[in-house]
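A.B. asks: Given only the sequences and the hints, what does the whole structure look like? Please build it.
There are 2 protein chains.
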Amino acid sequence: MALLCTTKYFARNIHRVILKRCSLAFCNGVISRSSRVMSLRTLAYDEEYDHPKMKTPVPGPRSEELMKDLSEIQQSNATKFFVDYDKCRGNYIVDADGNVMLDVYQQIASVPLGYNHPALIRAIHDPANVSTLVNRSALGILPPASFPQDLKDSLLSVAPPGLSEVTTMACGACSVENAMKAAMFRYKTRVRGDPNPTAEEMESCVMNQSPGSTSLSILSFKGGFHGRTFGALTATHSKPIHKVDLPAFDWPAASFPQLKYPLEENVRENTAEEQRCLDEVRELITKWNKAGKHVAGILVEPIQGEGGDRHASPEFFKGLQNIGKEYGAAFIVDEVQTGCLATGKFWAHEHWGLDEPPDIVTFAKKMCTGGFYCKSEFRPNVPFRIFNTWMGDPSKILLLREVIKVINEDNLAESTQNAGRALLNGLKDLEARYSSFLSNARGQGTYCAIDLPNVDSRNGMLTALRNNGIEIDGSGVNTIRFRPALIFTPRHAEIVLDKIDYLS
Amino acid sequence: MALLCTTKYFARNIHRVILKRCSLAFCNGVISRSSRVMSLRTLAYDEEYDHPKMKTPVPGPRSEELMKDLSEIQQSNATKFFVDYDKCRGNYIVDADGNVMLDVYQQIASVPLGYNHPALIRAIHDPANVSTLVNRSALGILPPASFPQDLKDSLLSVAPPGLSEVTTMACGACSVENAMKAAMFRYKTRVRGDPNPTAEEMESCVMNQSPGSTSLSILSFKGGFHGRTFGALTATHSKPIHKVDLPAFDWPAASFPQLKYPLEENVRENTAEEQRCLDEVRELITKWNKAGKHVAGILVEPIQGEGGDRHASPEFFKGLQNIGKEYGAAFIVDEVQTGCLATGKFWAHEHWGLDEPPDIVTFAKKMCTGGFYCKSEFRPNVPFRIFNTWMGDPSKILLLREVIKVINEDNLAESTQNAGRALLNGLKDLEARYSSFLSNARGQGTYCAIDLPNVDSRNGMLTALRNNGIEIDGSGVNTIRFRPALIFTPRHAEIVLDKIDYLS
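Chains as they are written, first to last, in my numbering: chain V, 1 to 504; chain B, 1001 to 1504.
There's no promise every hint is true.
Below 30 Å or equal to it, Euclidean Cα-Cα: the simulated DSBU-like pairs (lysine-lysine) are [claimed, not checked]:
(1) B:Lys-1293 with V:Lys-290
(2) V:Lys-375 with B:Lys-1239
(3) B:Lys-1239 with V:Lys-80
(4) B:Lys-1188 with V:Lys-80
(5) V:Lys-375 with B:Lys-1375
Under 8 Å between C-beta atoms, here's a sample of chain V residues computed to sit facing chain B [said to hold, decoys possible]:
(6) Leu-133
(7) Cys-171
(8) Arg-379
The set of hints was computed from the structure by calculation and includes no laboratory data.
Idealized CB from N, CA, C, for every residue including glycine.
C.D. replies: So, in structure tokens, the structure goes:
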């Protein structure tokens, strides 16, 4: 497994070699220039690697040394290996021991354009961007003069159809926390018939007393993951280690459909399962409302990520939206992991054909900045109800703007759909050939997964893949999850499929 | 008030003018070069402005236009004005209408070195930093090879004496949330006699059930502010609008001392007041522990910021630390606003002369990154208990490293102490001269405040100051707070004191 790495790329220096290459060439890892307009793409970067090249097992000796260093400073046992980010290119991650791995996990699904993308390097070098990079403004009180236009050019240009409000936050958990708050403000406004709290509510809330402090709740789903701060963590139900020893609010959690794959061959059974879950949602809301812990929002992932890549049908989500309307609970779609083209559409909920948009949509990860979109009725009536010092980070909005430009100019929507099809078809083919070992190949876009018999065989496969040059990870108990960047192509899918084939 | 602005600075372009100037010249706003080593300071920047220069009332017409734009996108009524960050320099902020204001609030106390500091611009331009700026790693699993050394060169080089563990987070609220979690893990480990939860605890917590989900609590203080996510917000008790209509945990909140100023003239009365508060802390912990909602941590700001710049003595904090030890509750000092030299020492708690460090110290704002330091016994036994996708941001650690270099090279500890003395002495002088209008001048370092008779006179003064070229803000009900950058000097103090004098 330990191959010698002699790639010429290592000898080059990304910051010195100034080459004209178009982004498409970069994405495809080929040397030839594209015929597309290149004048905008004069950048310092290098081509992608051709294929994984391994020198040591992972983690290698240099990573092991660094782990000792880091373990003197913090809990660092989750570290897989240390990375030489200067040498990473596109879909390829390079570790501190010089191992070149094809990365189909991309920093927990958080990298949109792969490593060292020329467009982002250009943005960093652009003199017009320097002051945004060094002056982090308190966006809620002193935004840059360009802020409204920056939002239009970035977040609003890819807003979920029908949603024109957006609020930025620094990370995914804060996005979810504040989305839940927006749902509660709206719920309370409706019940009170007035957005303005009473004098008694204002006075009592300061010491966490009723009626100002409420017993409002958010309904979430078993197996769901929404973050690790106290509110988001209450709604998270994937792994015990995230939650144990901590307090949580008394909020309801419903069953998420346990569907049989392939979905198209198990329609009748899956429909019944989804109906069971929808009935449970209705029962829980009724029960919680009766107990005075009114459900202000239904919080759901389009595909449960951390919980094991569990899918549900458009009809299930339409059903949730309808229940939300019926009970006055906001329909909050958590697209932190599924958003930004991961499923082949910019937002996963666009696959559902909803008659109207979700009430609130959260984002982070590939979007570079956290935040949430919402309908205008979810805007707080006064400032400082949704607020903090930074309210996100203008430099991340700047990066997102470049990401969106590349997505549009390089038509990454189409190319990532092609890559997703190649990946899923390949996984289905492997499943057919190794049916006792691989099962439930599933996915949307490149957001794909496949199951192994149990946790041990899954973990064994992850380790073997990593040592064979594939950076990848699991979800749920026995699932392998694919979360490549948007520049992942059928050629990259072929490489990872070949490795799984070899190891199955 | 509306002065014509003809400053030559506006004609220049920060990104084109390459000048050799030392940072000290920049800080002092003078043209003359310092005799200090300048070879490291070849940078693109311009000098600071000499004084405020106003062209319009604030917000001016351009800001008003932009507010209309932004209000179509989000709740934006907290916006004071829009900023032309390219034109800001050092202590001076420049708005979209060309008004040049001396900024003694610095983005809610979050800017360490003022605007467009040459050292930070240099860091952005440095080719060695490009890949850190474009590749945001998931620090908890795939840190850069330089990460241990980066932490040593930045966060650990300024760690509170006695604390050698540090964990990074993306924002202040997340820092507090995770600090509270660390306190709870430690508390539960001690009670259980084992860091590892039982099988029953692991199983029950997933659905928020006991015994895995606990009733642990955090004691906080009336008037305290710790953030706006559900856990941090439960511990926040400053303004109703932050909390109303939302649920909160049933956690205790004690009185924070209401001291009389000047502190040195009211020792006997203040000592009694602090003892009353310490007794209350003890009573509340006893009560909550008896109710099975054991207090795992005492969370306190060294100076209540948002709550009105309320101080307490070193003896009070020593008392809190002792109570924490007695009851096994972590002593958590929230230095998000007081940290990074704001009070003249790097950490405000260094003024207290503690025999041993606090158990946990949180930070954000001027530190560029969020996070917390802790004693090694607060390190979780296994990974993923304190975790999220980004775990902070390597690019902010990079900026912090530069900030610390400048603090050391330019001896900003001493200069900010001098500036703080000049500011506080000046405020005391004004208080003496306008004793029916100004009261309770107080402060540590440049973290200063003064009271006005009531909320209306305070707000009137803030507006008048802004229209006279001072960007400043309030805290509590009737307080004006000063939160300048670390490059604030006695000369800047003089300007703001003159303006208050003029308006008093």
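A.B. asks: Against the earlier hints, flag every one the structure doesn't satisfy and list their numbers going up.
C.D. replies: Checked against the structure, the hints that fail are numbers 3 and 5, while the rest are satisfied.
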